[in-house]
Amino acid sequence: MSHHLLQVENLGFAYPGQAPALDKVSFTLHHGEAVAVVGGNGAGKSTLLQLLTGFLMPAQGQIRVGELRVERRTLPQLRRTLGFVFQNPDDQLFMPTVYEDVAFGPLNLGVSPQDIDRVVIHALEQVGAASLAGRAPWELSGGQKRAVAIAGVLAMQPDILILDEPSDALDPAARRRLIGLLQRFEHTKLIATHDLDLVLDVCSRVIVLSQGRVLANARPLELFSDDALLAQASLERPLSMQTRGSIPNASHLRPIREIK
Amino acid sequence: MAGLAHALSSIRRADSLAGRSTLASTIDARAKLLASLWVVGVLASFPSYEVASLLPLALFPVVLLVTGEVPLGWLCGRLLLALPFVLMVGMLNPWLDPSPMASPWGAPIAAGWFSLASILLRGLIAVSSALLLLATTGIIRIGYAMSALGLPAVLVNQVLFLYRYLFVVGEELARTVQAWQLRRAGKPRHGVPPHQLKLLLAAVLARTFQRAMRIHQAMLARGFDGQLRLPSAPRWHLRDTVFLLFWIAFPLLARLVDIPLTLGRLLTGA
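Chains E and L supply the protein sequences, listed in that same order.
Okay, so the first sequence: first residue is 1 according to my numbering, each after it adds one.
Okay, so the second sequence: first residue is 261 according to my numbering, each after it adds one.
Okay, chain L solo, but in the shape it has when bound (with noise of 0.2 Å):
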């Protein structure tokens, strides 16, 4: 279980890179929210054999992950995990979908594979995207830019405490499972058995919901109403609007081009 409460303090790691101040950091949760949203939404408007034009949006996750100043190991390690998740949307499509589709080499190839490499790139840009967000500003300050752009505090808070059990949860299940195998008594490594794993879960969820609890009476006694308030009220600038600005034409212009090929043919001069 030591893999789990590592992965647990990994992604936890965003929130201590989202407080170092950085170029990524001074441009408003706002901004970046609205941007990261607009990126991957034009992402997934691309049809679903593309994967050349959908290039230039990498760019947005670049841009973040320099001017947010966060380790790309660290990116790639996040990456990782989300690809089998990935993967496992589109593993099928070189099968479900065989018509030949030429290939940027000369033979035609099952359009499958081509909608796989779509979804993969998409994916990743996608994930990477959500993950710098998170690195560059905070689960706190994205909390406060979506109840500042108006959406309704419930849902606000919803993903607030989503964010904070999903530790409580990965932190509840490591020392059980510690807990567990400590007592394995010798017994041959290979899981744990069906019949201890129902009983394993329900301790889990049992202390999983006793600690929430406790949290959240933590939360009211010092106050909370169900409104989320910041130290330091975040302020629009110039640099935001140019930032928002940007990333909304940016992709579009990539949707409506395809900017690879066109610089391709400006570069050969075909």
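Just chain E, with the same shape it has in the complex (with noise of 0.2 Å):
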């Protein structure tokens, strides 16, 4: 069976003296598929991209990554199959360089210190990144962080990305690269994202999550469509789905320049 398949079946897990955050949450994601997970906060993302990666154990159902299922004892094999990108780069990168921080991973996973360079360099040329190898992290913009952050999960080459959030806090020229990254890689994706655009551009799947449950499973354009329901989820049409009656006619409009 393929390590890139992604198996979850009839997921439950509440905090303690609290609500369920998910209840019987099931979906498969298919080896190269890019399906997003979309929903209101508290929806349950969080909470399920804990699970999907082991921080969280599930107090019902089951997650499978390939032939392993998802518990403390299949961690550290999981760990080499599951890249997870965090919401905040700032939370993910720690060492003093960027090229420290994009060889911690392969290091753990025992990548040889012959070949560790090679490594290093391709995936930080995947991202675009090979100038920023000597940089110390947090003196890096938000973009060069984010693509820093993927190019130290990529390192390890994963068979599947899980990204919280990638496009939070990005300006639209960083946004915009980001999402051709996401484009071009062939790895199977998981997308938690309030960002429908991105959404549109990046993925062939949409999970929609309401109240700790599967709401729809559907492709982005059919359910990005659907009012009702993206009202159900607190949610609305992307931007470029959007038709905007306030703005006054174009012809009317002058340059800045001539203003001033």
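Warning: the hint list may mix true and false statements.
Partial selection, computed: residues in chain E whose CB lies under 10 Å from chain L [to be verified]:
(1) LEU82
(2) ASP90
(3) MET95
(4) ILE116
(5) GLU186
Chain L regions said to be covered by chain E (calculated; three or more residues, Cβ under 8 Å) [claimed, not checked]:
(6) 275–285
(7) 395–404
(8) 472–479
(9) 488–498
One-sided and incomplete, this derived list gives chain L residues near chain E with beta-carbon spacing under 10 Å [as the list claims (entries may be wrong)]:
(10) SER269
(11) ARG272
(12) TYR309
(13) GLU310
(14) ARG424
(15) GLU431
(16) ARG482
(17) GLY483
(18) PHE484
Just so you know, these hints were derived from the structure itself, not from any lab.
Even glycine gets a Cβ: it sits at the ideal position worked out from N, Cα and C.
With the hints as a guide, dock the two chains, each given alone in a separate frame, to form the complex.
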């Protein structure tokens, strides 16, 4: 069985003294698929990612990555297969230089010091950040940090990439570069995000979570056309699918330089 | 809170300084760590009223400063931060130890002044040695050196995490206090009131704990198993042996022979 296959079956989890954060969640990710998990605040996205990466253990149901079930004893093997990019790159980057940070994961997985240079440079080149190798992570811009955080995960050569709010706090240009990057990756991808335009550009399927349950599991365009469903999940159409009635006719606008 | 953020960023600069290729950075971290510990150890072994005989040991930080091409301004700024703590240790000595002692200029003064000067000098040499070790080696390589010298991984990780969490706590504190200042609603500036300080610190601690947990999770997600690994394992060279032997022998000589006094006698023929 392929390690690229991710199966979530009847998953349930509740934090102590609280209502279930996830209830009977089931879905499958196939080899090479890019799937988005969307939903309002408190829908259960973060809990789902914590369960997928083994930081939380399911109260019911199971998660399988290929032939492996997510359990404490299988975590070392699973972490070779699942690459997790954290929402805040500052949480992920902690070595003194970008090079050492990207090398951190592969070295832990047993990549030899002879091969590490090739692995690190290749990962940095994939995200267009090879020139940052000698820089300190805390000196980088938000977009550069994000790229380096992704490189740190890519260097571990995972089969499945899990990304938590990858476009969070990025400027439009950095966000556009990230979308290009994600489109180029052939990995199986699971992306938890509020950026529905990114979903349109990158993902072939969307799982909508609401109050810990799967509300829908469908193709992005079909799903984002269903306003009633989106409203139920505290979402709205992506900006590129919205019409702006209040924007004045462009012919009435003068360039800013003329106004000055 | 801009002051705290600035202080954190300037301490962090030590990592950037350590990343440069300098003469000091080519010396193996184990040699520098052992030499620094030896210098500080010898410094501590001098009698409490010694001042002039401590001066030769200041050569160690001077050599690291010059060969590490560390900006003097950076070192002085960090030393100023440490100075109040060093002063606090010995500031009452002149009053607690008033017994008269001959001064170099003849008139006797309270022995406590000598012990205060000695504490200040020891403190400045020790703190600058530690800062320069950090600025010429970097915390990761110091951790690796500790590990290579046989310290348990648990202890090494404690040092590394402590260093990392220093910034986490500092960043969270700076953010929280800035948020408080912005909502002070124009009240005059005279610090955080005690009842609000309690809530503020509780919020900082809670946020720091959550952030520390996420950082640890990020390390685990990238296969961290408690052992630190470096991209290129350092190799011991002849220059490291020479460096270490010199910095073992020289402090020992300074401890056994009063070098300034001997030099003075030689120069003056006294």
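Of the hints given before, which are not true for this structure?
-> 5, 12 and 13
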